[in-house]
Structure formats: structure tokens, C-alpha cells
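**Q** Residue numbers (this note's numbering), protein chains in the order written: chain X, 1 to 168; chain E, 1 to 320.
Treat the hints as calculated values from the structure; they're not laboratory data. Be a bit skeptical, because a hint or two may be false.
Pair by pair, the computed Cβ-Cβ distance ranges are [stated by the list, open to error]: (1) E:E228 x X:Q82: 32 to 40 Å; (2) E:G236 x X:G134: 43 to 51 Å; (3) X:E121 x E:A162: 34 to 42 Å; (4) X:L144 x E:P165: 38 to 46 Å; (5) X:R60 x E:A315: 25 to 33 Å.
For glycine and all other residues, C-beta sits at the position ideal for the given N, C-alpha and C.
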Amino acid sequence: MQTDTESNQLFENLYSEHHHWLKGWLKSRLGCGEQASDLAQDTFIKVLAQRREGELRSPRAFLSSIARNLMVDMFRRRSIEQAYLEVLAHQPEPVAISPETRYDIVETLLEIDRLLDDLGERPRSIFLMAQIDGLSFVDISRRLNVSVNTVRKHFIRAMTRCLLLVGD
Amino acid sequence: MSTQLDRAVLEAAAAWYVDLRDTGAEDPLREAHRQWLAQHPAHRQAWARVEKLQRTLDAAPRAITRSTLDSARATRRQAIKALSLVLVAGVAGAAWRYRGGVDELTADYRTAIGGSAQATLSDGSLLRLDTASAVDIRYGDQLREILLHSGEIHITTAPDAAGRPFIVHTRHGSIRALGTAFLVRSDDRQARLGVLRHAVEIRLAERPGQPTRLDAGQQVHFTRWRAETPQPLPAGADAWTRRLLVVSDWPLRQFLDELSRYHRGRLSCDDAVAGLRISGAFHLDDIHAVLGNLTATLPIRVRYLTRYWARVEAAGKSDI
Numbered sequence: 001m002q003t004d005t006e007s008n009q010l011f012e013n014l015y016s017e018h019h020h021w022l023k024g025w026l027k028s029r030l031g032c033g034e035q036a037s038d039l040a041q042d043t044f045i046k047v048l049a050q051r052r053e054g055e056l057r058s059p060r061a062f063l064s065s066i067a068r069n070l071m072v073d074m075f076r077r078r079s080i081e082q083a084y085l086e087v088l089a090h091q092p093e094p095v096a097i098s099p100e101t102r103y104d105i106v107e108t109l110l111e112i113d114r115l116l117d118d119l120g121e122r123p124r125s126i127f128l129m130a131q132i133d134g135l136s137f138v139d140i141s142r143r144l145n146v147s148v149n150t151v152r153k154h155f156i157r158a159m160t161r162c163l164l165l166v167g168d
Numbered sequence: 001m002s003t004q005l006d007r008a009v010l011e012a013a014a015a016w017y018v019d020l021r022d023t024g025a026e027d028p029l030r031e032a033h034r035q036w037l038a039q040h041p042a043h044r045q046a047w048a049r050v051e052k053l054q055r056t057l058d059a060a061p062r063a064i065t066r067s068t069l070d071s072a073r074a075t076r077r078q079a080i081k082a083l084s085l086v087l088v089a090g091v092a093g094a095a096w097r098y099r100g101g102v103d104e105l106t107a108d109y110r111t112a113i114g115g116s117a118q119a120t121l122s123d124g125s126l127l128r129l130d131t132a133s134a135v136d137i138r139y140g141d142q143l144r145e146i147l148l149h150s151g152e153i154h155i156t157t158a159p160d161a162a163g164r165p166f167i168v169h170t171r172h173g174s175i176r177a178l179g180t181a182f183l184v185r186s187d188d189r190q191a192r193l194g195v196l197r198h199a200v201e202i203r204l205a206e207r208p209g210q211p212t213r214l215d216a217g218q219q220v221h222f223t224r225w226r227a228e229t230p231q232p233l234p235a236g237a238d239a240w241t242r243r244l245l246v247v248s249d250w251p252l253r254q255f256l257d258e259l260s261r262y263h264r265g266r267l268s269c270d271d272a273v274a275g276l277r278i279s280g281a282f283h284l285d286d287i288h289a290v291l292g293n294l295t296a297t298l299p300i301r302v303r304y305l306t307r308y309w310a311r312v313e314a315a316g317k318s319d320i
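Could you build the full structure based on these sequences and the hints that come with them?
**A** Below, the structure is given as C-alpha cells:
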């Protein structure tokens with residue numbers, strides 16, 4: 001076991017040696033210094049929260065892999081938020097939505113987006129037609145001009161993928 | 001922490017879900033499902049995931065979910081198209097899976113539409129990128145790994161002092177080099193592998209236990225689940241590394257589809273001319289000139305609806 005002082009010292013070393021580099025790494029990808037600063041901070045907060053013990057063998061690879069995931073989350077969240085606002089703006093009837101509800105909806109959409117991410121266009125679309133649009137397999141098969149059995153196969157593939165990712 | 005569930009069990013749970021979708025409470029299938037649940041804790045755990053997934057889907061407002069998800073996905077694709085080449089040093093990281101559009105934005109090496117790039121990696125292997133391509137380099141103690149997010153790459157591997165295997169991952173499967181030069185293309189639908197020297201080994205994403213070998217001069221298309229029968233590698237498959245598109249007896253539509261990978265904009269053609277055959281070598285640096293040349297050899301003309309949208313039609317056709 002390490003004492004708290006030791007682990008604080010390790011963290012401080014990590015921060016002072018690599019913070020500047022990480023900001024540069026992020027800036028080269030984001031093209032924006034302010035965002036890069038924010039994400040660099042978030043990265044170190046994640047590292048703190050992980051309470052790792054001992055020294056890292058390749059600290060920069062470790063930091064950049066955390067930063068990369070944060071960046072991916074940020075791109076995803078931004079694309080969903082923007083799309084959601086645009087879709088709302090195009091609704092025939094204006095809808096008032098409380099900030100809490102909006103937050104919940106965006107979180108839900110983010111989760112579904114994440115689950116469906118690496119599915120091909122066809123299984124993804126079949127899954128959404130069945131689960132969101134509420135179409136029967138027969139309706140879907142007519143629309144896509146494929147057999148019901150094909151729809152079923154793609155649906156099961158898509159759902160299995162979701163079940164893998166959704167976790168317990 | 002969640003325990004690892006077998007893919008087969010999850011697939012069975014998904015199949016149960018489908019079978020039960022339209023059955024009433026009294027249907028004998030319900031009893032069979034209860035028995036399946038009672039059989040094993042893993043079955044119950046998998047079914048709990050089905051219910052969790054269902055709760056998430058139920059929480060999504062029907063009216064806006066589909067359009068929001070589709071539009072967010074399209075936005076990410078657009079963002080990728082707009083990016084120009086950035087070269088940054090390699091990154092090590094956790095296990096990889098494809099994340100629809102977001103990885104391209106942060107990739108170590110990427111090219112814009114119509115762009116190309118090459119890089120010598122730390123072990124001396126040579127990496128070339130074709131148009132609209134994105135890869136990450138993950139060199140670790142045990143493995144040399146390349147993640148091809150999308151597009152096409154040409155790899156010439158160098159022997160490694162540490163003897164680390166060289167592997168290219170695509171969302172459809174992985175390719176292990178056996179001392180080689182090869183081409184990999186990967187997109188939403190499928191991956192394509194062409195072997196230029198020696199041999200490689202493919203493992204499909206969903207069939208990792210059954211590697212298949214592909215030798216020099218062969219090409220194969222594959223998806224996560226299935227590899228097609230290998231075919232002879234067409235001459236000129238690697239011509240893009242010299243900024244050329246080399247084709248032999250291609251239908252015009254296929255030619256335009258291929259050309260449009262290098263073109264920021266749309267290329268389409270009328271059905272009447274789609275089947276005209278084309279052979280030749282074309283410079284990829286000036287797509288408009290390629291289109292111009294075509295009109296000299298084929299009974300066609302090119303109409304520009306906008307600068308970015310060209311349509312190829314039969315030469316005699318009058319303006320609408």
C-alpha cells in the first residue's frame with residue numbers, strides 16, 4: 001500500500017510533467033485551445049478518480065487514451081444535442097420541455113446512439129424501425145423488400161450487439 | 001461489476017424476445033420461456049439485460065428519436081469529410097471497437113476526400129493512406145496494431161527486432177501479416193483485402209476462432225460474419241498509391257462510384273449509359289479532367305448541375 005502523500009506526489013509529478021504535452025496533443029486534434037484546456041483538466045480528474053497505485057509505465061499513452069475517450073464522448077454528445085434541438089425546432093407544434101426532461105431525453109438518446117454505433121446501416125435501421133417506429137417484421141420486410149426471415153436475422157444481430165454493450 | 005455473458009446466451013435472449021413479441025400471456029411459448037429462464041443464472045442475467053434495454057428504448061420519445069439519431073450520425077459523417085490531414089504520433093490504448101464516425105475525428109492519421117498520405121512507422125513499416133481514410137497506430141510491447149476506421153491503406157511491413165506480430169483491425173475483422181505487402185479497405189458495409197506479397201491471415205470479427213489464409217495475388221471481400229470466395233487481385237489494385245485509378249472493362253457506374261471516393265461532391269449517371277465499359281488509367285488529381293476525357297472516348301456528355309454535382313448522360317440527350 002502507498003500512503004496518501006506518496007500517491008499525491010505521484011499525481012503531482014504526472015500532472016507537472018505531462019499536462020502541457022496533453023494540452024498540445026488535444027489542441028492538435030480539436031483546433032481549439034479552450035476546449036483542449038478543459039479536456040486536459042477532465043482527463044486528470046479521471047486519473048485522480050481512478051486512484052491508481054504505483055507509477056505508470058507509459059504515462060502519455062495512458063493519458064491520451066483517456067483524453068481520446070473524453071473527446072469521443074464530447075463529439076457524440078454535441079452531435080446529439082444539436083440534432084435534438086434541430087428536430088425540436090422543426091416540430092409542427094411548439095413543445096415546452098423542462099431542462100430536467102431535456103437532460104433525461106438527451107441521456108437516453110446518447111445511450112441508444114452508443115449501443116447502435118458499430119452496427120451496419122441495415123441492422124441498425126431494422127432495429128430502429130421495429131423498436132422505435134413500432135413496425136412489425138412483416139411491414140419492415142415490405143418496406144425494405146427483403147424476406148421476413150432476413151429482417152428477423154438482422155434484428156437479432158442488432159439486439160445481441162445492444163445486449164453485449166448495455167451491460168448488467 | 002458485470003460478469004461476462006456468452007454471446008450465444010445473449011443471442012438466445014434476443015431470439016426469445018423476438019418470439020415473444022406478438023404472443024399473448026397464455027401462449028405456450030411463455031411457459032417454454034419460463035423454463036429457459038429457470039435453466040441457468042446466465043439466462044436470467046441475459047434476460048435482465050433485455051429488460052434494461054427495453055426500459056432505455058421506452059424512455060425515448062417516439063416522435064423525435066429516429067430523426068435525432070439519424071441526423072446526429074449524418075453530422076458526424078459530414079464532420080469527418082470536412083477534415084484535412086493531420087499527422088500525429090502513435091497512441092497506445094484499450095481494446096478497440098468501431099464507434100460510428102467519432103473515431104475518424106480523433107485518428108492518428110487521416111486524409112480528406114481526394115487526399116493521400118504516407119508515413120514510415122517506428123518499426124520501419126510503410127503506411128500509405130488513400131482518400132478519406134483514418135487509422136490509429138497502436139504499437140505496444142506485444143503487438144504492432146493498426147486500427148483502420150475507414151478508407152483504404154497500403155501496408156509494407158518491416159521485420160520487427162522484437163518479433164511482434166503485425167495486425168490490422170477493421171470493424172469487420174482483423175488481418176495478421178505474415179511478412180507482407182497488402183491493401184485493406186473498410187467501410188460501413190464490408191472490408192476488402194488484397195495481398196501483394198507473401199500471405200496474411202484473416203479473422204472475422206464474429207468468427208475469431210477460424211482464421212483463413214490469403215496468399216499473394218488474391219483478393220477477398222468480408223464482413224463481420226462472412227468472407228466471400230477469394231478472387232484474383234485485379235491488376236492496378238494498388239495504383240492509387242501512385243495517384244492513379246486503373247480499370248479494365250468496368251461498367252461506367254462502377255467507375256463513377258470509385259471515382260467519387262476521391263471527389264468532394266456527387267457523381268451520378270443515367271441508367272442509359274451506366275453499362276458502358278471503360279478501361280484505362282486515370283489521374284486522381286483532377287477529377288474534372290477525367291470526366292472531360294471520358295466524353296472524348298464514349299458517347300456521353302457530362303452535365304454539371306452544380307460544380308459539386310456532375311451527371312453523366314447519353315451524348316444526344318437534350319436539355320430538360
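**Q** Each hint: holds or not?
**A** Now for the hints, and whether the structure bears them out:
E228 (chain E) and Q82 (chain X) have their C-beta atoms about 39 Å apart, which keeps the hinted 32 to 40 Å range intact. Between G236 (chain E) and G134 (chain X) the Cβ separation comes to about 49 Å, which falls inside the hinted range of 43 to 51 Å. A beta carbon spacing of about 40 Å between E121 (chain X) and A162 (chain E) agrees with the range 34 to 42 Å that was offered as a hint. For L144 (chain X) and P165 (chain E), the Cβ-Cβ distance of about 41 Å falls inside the hinted range of 38 to 46 Å, so the restraint holds.
Between R60 (chain X) and A315 (chain E) the CB atoms are about 59 Å apart, so this pair departs from the stated range of 25 to 33 Å.
Consistency note: the structure conflicts with earlier hint 5 alone.
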